[in-house]
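Q: Each protein sequence line maps, in turn, to chains D and X. In terms of the numbering used here, the first sequence opens at residue -16 and continues consecutively. In terms of the numbering used here, the second sequence opens at residue -15 and continues consecutively.
There may be inaccurate statements among the hints.
Capping the alpha-carbon separation at 30 angstroms, the derived lysine-lysine pairs in DSS-like fashion look like this [unchecked claim]:
hint, chain 1, residue 1, chain 2, residue 2
1, D, LYS717, D, LYS629
2, D, LYS94, D, LYS62
3, D, LYS696, X, LYS15
4, D, LYS27, D, LYS134
5, D, LYS626, X, LYS105
6, D, LYS331, D, LYS278
7, D, LYS608, X, LYS96
8, X, LYS105, D, LYS629
9, D, LYS35, D, LYS161
10, D, LYS549, D, LYS504
11, D, LYS102, D, LYS35
12, D, LYS73, D, LYS86
13, X, LYS131, D, LYS688
14, D, LYS629, X, LYS87
15, D, LYS608, X, LYS15
16, D, LYS608, X, LYS131
Hints were generated in silico from the structure; no laboratory data involved. All values reported here derive from a predicted model rather than from experimental measurement.
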Amino acid sequence: MSIDINSSIPKFLQGGGKMGQIIYEKDWTSHSLGKPENWPMSLKISISNILKTAFPKFIYWGRDLICFYNDAFRPSLGKDGKHPSILGEKAEVAWPETWEIIKPLIDQVLKTGKPTWNKNQLIPIYRNGKMENVYWTFSYSALLADDENIKGVMVTCTETTEEILNLQRLEESEDLLKFAIDAAELGTWDYNPHTNRFNGNDRLKSWFGISTEDEIELTLATEAMVPRDRDRVTQAIKRALEGVNGGKYDITYSIENKKTHEIKIVRALGRAWFNGSGEAYRFNGTLHDVTEQEKSAEKLRMANQQIKNEKDRFKNIIHNAPVGIAIFKGEQCIVEMANPFILAILDKTSEELEGQPLYEVLPEIENGVSPLFEEVLKNRESVLGTELILPIKRKGKIVNAYFNFILHPLNKHSDDVLEVMFITNEVTDYVVARNILEENESQFKNLVLQSPIAMAILRGENLVIEMANNKLLNHFWKRSWDNVIGKRLIEVFPELEGQEYVGQITKVLRTGQTVQKQESKAIVVKDNETFEFYVDYIYLPLREVDGSISGVMLTVTDVTDQFLAKEKLVNFSKEMEELVKERTELLRKANDKLHQSVKKLEYANAELESFTYVSSHDLQEPLRKIQVYTSRILEQEQDNLSKTCKNYFEKISVSASRMRILIDDLLTFSLLEENQMEFEPTELNEVFNQVVENLSSRIENSGAKVSSSSLPKVQAIPFQMRQVFSNLLGNALKFSKENIPPVINISTETAKLTDLEGLSLNKNNAYHKIIIEDNGIGFEEEQAEKIFEVFKRLHDKSEYEGTGMGLSIVKKIILNHNGAIEATGTDGQGAIFTIYLPQ
Amino acid sequence: MCDNPYHVFLIDDDEDDRDLFEDALMEIPTKTRVVTFGSGIELFNFIKDENNQPPQIIFLDLNMPMMSGEECLQKIRENPRFRNLPVVIFSTSIVDPLVNRVKSLGASLYVKKPSSFSSLKSILESCITALLENEIKIGVELDFIVKENL
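If we strip away everything but chain X, and leave its shape as in the complex, we get (with noise of 0.2 angstroms):
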């Protein structure tokens, strides 16, 4: 256990995921410090300023106006500075071609949003715990796609 908080940005147009997000990390046993954007184009308006800090992981939505997640997870990975940034990408929905294409543009995991508040807390911490602490390799211990249990 680290003293300092993880670093974590997510990326959602939804205001209501973005607080409910920003409440579930609060209420997790691992400490957190969360920026949140409504936009793929906000995220790179500020990581564009080399003294803002880069974020240890990042949550993405998939559905999203102006600029699509996948798009997103495109040019973070352009980007050298984030090429080997975990990256979940967070989506309500589950659509198998979907899947495959950002699996292989280098999302690290694929999130259904959970329908309950404790399945959301419980998953984004062994999602952090799993991606940066104990660095489980996806798809040996870990599938890419995780959902709550119903």
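Chain D with its partners taken away, still in its complex shape (with noise of 0.2 angstroms):
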């Protein structure tokens, strides 16, 4: 059957579809083109041109512009519109409403022959029963006629209205997103892991303080981060792009922008995306300042601290505190809390007590503390007490306790079950030393009033008599109590009236110091007659709690015997004092003559070192002339002298030679305190030696024997032990009998305790005892003391030639060493020296 319809239609229409079927069934006789086969060939070739094609074409022929279109084109114009009217149909009549636009197109082309391109172009049509917003994408170009010349208009177009009008609507969204973000105040940001850049909109680029340029190295993001968060930070990026928890990444963070340092704390939500092999490719999100919502999360948090701070320190407290405190619930007082104090006053731990009935633990205090329970239970109302005696055990015994308490109903507006709060404070220590404190005040009143020493108690500014004691009344007052209860003091006593005591008690009563006094004389009267006592009074301040001075105590002793006895002790002592005044006098005279007297004695100590000089030098040097001239004459004029004259020269030689022996003794003696030498250790034997030698000629001449047995070696002046020796043998062999030879005896041993009686020596040091015997003309016993006298001569000067200072010297070098010397001695019969000096 196709073959037949095909054979029937001509050969351009053949497989050219619905429109081609469409063209060759209309009437197309009464039309300016005529019958289809009768169409010029190039029209012909192109509407075969447009069926054969999938893409929408159009085409305008000839000079009326008839339009063509293939099935391609149909679905543009819609249901129920131009199709199939507009086939064949002049363009100016098919295309009312868009021939504006288009035949400018159109004519353009006609003339140019130059194809025209206009991409989604809004070109509304009228279909589907109205005009619709059309968006077309379409060239126009030349078709030529068979003369080769421009004949119509080929439209090749495709209807882009789907996709514009998609585009239109995801631009709509992106707007709507970004007002959405605008409005949420959001910033975004987007990371490309690759690359390791970063992009964010301009809010999160300003949050952070960086530049706006297009995308940033992400080192400069975590920078703008306070350094407490970079690690947290780069710790969640790093998770997410791992793919943790499916990339997601959610955390809250602090920026500091460096310019402002602003501080913001953001909450940055996102996710990573991943790829096939799972890497990530991409990872954005928004950033949400949640600065104001992280601060009042903060004072939430930290005001429910406080709130829990606060319930930790009410438990602490009542934990702590110093006084027992007890929380009790319902009629049967279960026993809610007990803090330790109260656990320690009951002597229970807090496993007894807690949770129990508290009688049930405590059934002895169950007749003391019920009726307050029961009270407050009632009421409602707090209950409090003092000194509440109850019997507690403890360590096993009952023992009566005291106590000062307040029951308070902790809930009493609520209809819940009552809780009651126990605070007490034990007071048993308290309530007994009170108790004691009476007793003993009592007793103390007792004391006070049989005192033997007398005492009275005044109250108040006008000193009303409170207390006095039986002494106080009968010794001094003279008084009976009846007459004084109750009275003033200056009442019952007007002549206090100018006497010190009211005005030292009224004292005591302003400043609170004590006033003690002695010896005060003090006057009473009693029926006309004065009595009069010294009196020794303390008067101390009352004090009342509050520390007010209310009272003063008075304590008066009676000293008039001791002061009137004391007052003839004074007078007494005055009297010595003038005594010892006199004689101090006395004494100060004496010193100032012995001060005196000193001086003198120092002066005359000078003139004897000037006498000294003097002897020793000037005296000499003269005298020596004379022996020296003496001598010359002697010697010169030995032949011209007479006999008489000779002697006289003689005399005048021994005398001047006698002076010279007498100058240098005495300067001798003299010098041997003054010039104080050193002490070295003395071998006695040598310094005898010297001394025999010395005397050698003496000796020899005179016949004598002299024996030594070893002498010590002791601390001395070896000069002067020479000088003790020499004087010492000088008068043995000097007083010796005539014509018998002297024998002279040294001999030495350690003194005897005996030995040292009567002698000035220290008794506690050893001495050496060295003797010196002679057999020689002797003295007389009693004489023993004086030979050792100055120029104390024993003998006749021509008979015994001396100057009477040696044996001084001897006695004086001996003491010089701390020593001592006696002689003894029988007139005919030899003398005996012997020497002490210390060992």
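Both chains are given apart, each in its own frame, so use the hints to dock them into the complex.
A: This is how it looks when you write it as structure tokens:
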């Protein structure tokens, strides 16, 4: 059949789809183009071309711009529209609504032959029963007629309405998103893990304090974070990029704007996107300024913490309170809580008490406390009391304890079971102490009344007599108790006016300082008789609990007898003092005299010194000259002088010689004290030998025998020791008996204690005892002391030569050496000199 | 014994003593040539002139006005020419501290002026011979202090 049809359809319409069929079936007889078989070849080819293409195409042909189109174009004409009426229609008639737009395009192509190109051009058309906004992308191109002139226009077009609308919808949705982002004041960010580049919206960049250039390094962003958050955020980013938790990212951190130093707390939300091989290729999301929320949250946290702290503090306070606190619930008084203090008071542990009905644990207190609890439960008001006595079992024994307490309903305004807080302080010690004090006070009062010391208590400014003991009443006041009780002091004793006492008592009341005085004179008058006392008194302030002074306690002791006795003593002392003064004056005068004597003595000493010098030098000089010249005369004029004359010169010579020895000895003696020389260890044997050597001619001449035992070594001045032995030996030789050769023996031993008797030596020291014995003329026993005196001569000058100073010098030297010397002898029986020298 | 007389100086303010000294030296066996000075100042004026012959021994009194014998001794010893010259102290009295002082200043002997002319002669003789001929050491063979035997 199709062959039949096909054979009747003109060839250029065959295979032209539905539109080919429609063109064939249309009645063209009255149309300006005539029947299709007669259309020009160029038109036929053009139509055939468009019918066989799947792209929407349209043709305007001829002067009237007759319209043709293919199947692909039909959808653009919609339903219930121009199809198929505009087929073969003039363009002007077919497209009245768009004619204004397309006419110039068509004309342009017809005129120039150049194709046009329009993309997504809005050309509203009538279709689907209404005008529709339709977007087109189309090209108009020229069609040539058989004569190769432009005869028509071919429109190749595609409707892009759907794409455009989609695009518009997308744009709108993006705008909405942007608006939402703006409205929510969100920052957005987008990070590319491959490039490590990061982008964000302007808000985000301004928050981070970074410039609004396109992209930035991630590190620039992390630097904006406060240092303490950086690690945490970096870790979170890393986890998201590793795909932990599906790449989701949710973190809150703080950033600091480097320019303004404003700190923001932000919450970042986002996710990472992964490709097929599980690699993150994108990581983006939003940033929300949660500073205010965080601050509020922080405030809330702090407020909660504070509430918790307060709760803890309350618990702590109760726990550590230095009073007993317990909370009871309901009529059964279930112990809800008991602090350590009350546990200690009740001698119970918290396990024993808490959760238990009070009276079951502590049956002994039920009688005492249950009325109080009942009152609180009934009235729902606090009950308080002091010194409540309760029997408490402590260490197995019931003891009476005293308590001050408050019972306080905790939840009196709610309908819950009533809770009662019990706060208590044990005052047992205080009560017991007070009882003892009261007891003591009464004992004290008795003591005062019976005291042998006079006492009284005065109260108030008016000094009202509150108490006066028997001693005071009888001894001083000479009044009965009834006459003074409750009266003013000045009223009972008007004579006190003008005496010091009232003033002193008032002072104690005013200052609170105790006043104490001794031996004060007091006068009391009784029945015109005046009694005089000397008293020691003490006025003590009496204080109230608040420290104010309400009275004075007087203590008075009668010291009249002592006072009078002392008066006598004082007078006696004064006399003594006068006497001492007198004596002191006398002593002072005596001292002055002594001082003057010392001065004189010093002066005399100085004179003596100058005498020493004069004698040593100036006296010797003329003397020596007398001697020298005398000796020269005797020598030179020997032959010329008469015998008498020679004798006279001899006498001059002897006298001068004696005088010279005298001066030498005097000098030696006086210099002994002055020239205190250093002591040195001295061998007395050596000293002795030197002396014997010096005296050898005299020893030989006299035929003397000198023997000596070994002598000790002593601490001494050697030349002085030489002087001693020289003088003693010289004396022994000198005072020998006529015609009997001298025998001199020297021995030494350690002194016995008995030897030291009667000598001024230190008996604790050891002494050498050196004895020098001779067989000479000796001396009388009575002279034993005197021979040591200066210039003391026992013998006639002509009989024995000498100055009388030898032994004085010896004694002085021995004393200088802290020793002693004594002489013993009998007339005609020889002499013994004993020397003691320290060992 | 040397033929040339010993050159002896005496410094003494006492004219009598100077005369006695010269007389005594004239009478002793040892030959001497003596120059006397009344004070240390005179001595130093004399020896300043190097043309004057220096002494071989000096006898020096201690108690002199203006310049004491002690001072004089010290100055003599300060002069290098007289550092080793024998100096004999020739004094009336013996005072211990003074003895020690002049000894430490370098005096050769301390002679107490004798009270007889014969003693004076013998002492001078023994001093000069001891110091100038026999070179006797002081302190060993001769006491530092020389007194006449009474």
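Q: Within a Cα-Cα threshold of 30 angstroms, do LYS717 (chain D) and LYS629 (chain D) meet the stated pairing?
A: Between LYS717 (chain D) and LYS629 (chain D) the Cα gap is close to 27 angstroms, so the pair holds against 30 angstroms.
Q: Straight-line Cα separation of LYS549 (chain D) and LYS504 (chain D) no greater than 30 angstroms?
A: holds (14 angstroms)
Q: Is LYS626 (chain D) within 30 angstroms of LYS105 (chain X), Cα to Cα?
A: holds (26 angstroms)
Q: With the threshold set at 30 angstroms, check whether the alpha-carbon distance from LYS27 (chain D) to LYS134 (chain D) stays at or below it.
A: holds (13 angstroms)
Q: Holds or violated: LYS94 (chain D) and LYS62 (chain D), Cα atoms, limit 30 angstroms.
A: It is violated: about 34 angstroms lies between the C-alpha atoms, which goes past 30 angstroms.
Q: Given the hint that LYS105 (chain X) pairs with LYS629 (chain D), test it: the Cα-Cα distance must not exceed 30 angstroms.
A: holds (22 angstroms)
Q: Mind checking the alpha carbons of LYS608 (chain D) and LYS96 (chain X) for me, to see if they're no more than 30 angstroms apart?
A: holds (13 angstroms)
Q: For the pair supplied as a hint, LYS102 (chain D) and LYS35 (chain D), confirm whether the alpha-carbon distance does not exceed 30 angstroms.
A: Roughly 24 angstroms separates the two Cα atoms, so the pair holds.
Q: For the pair we were handed, LYS696 (chain D) and LYS15 (chain X), check the Cα-Cα distance against 30 angstroms.
A: violated (48 angstroms)
Q: Does the structure keep LYS608 (chain D) and LYS15 (chain X) at a Cα separation of 30 angstroms or less?
A: It holds: about 25 angstroms lies between the C-alpha atoms, which stays within 30 angstroms.
Q: Are LYS131 (chain X) and LYS688 (chain D) close enough, with their CA atoms no more than 30 angstroms apart?
A: Distance ~27 angstroms between LYS131 (chain X) and LYS688 (chain D) Cα, so the pair holds.
Q: Check the hint pairing LYS608 (chain D) with LYS131 (chain X) against an upper bound of 30 angstroms on the C-alpha distance.
A: holds (16 angstroms)
Against the hints set out earlier in the document, violations occur for numbers 2, 3, 6, 9 and 14.
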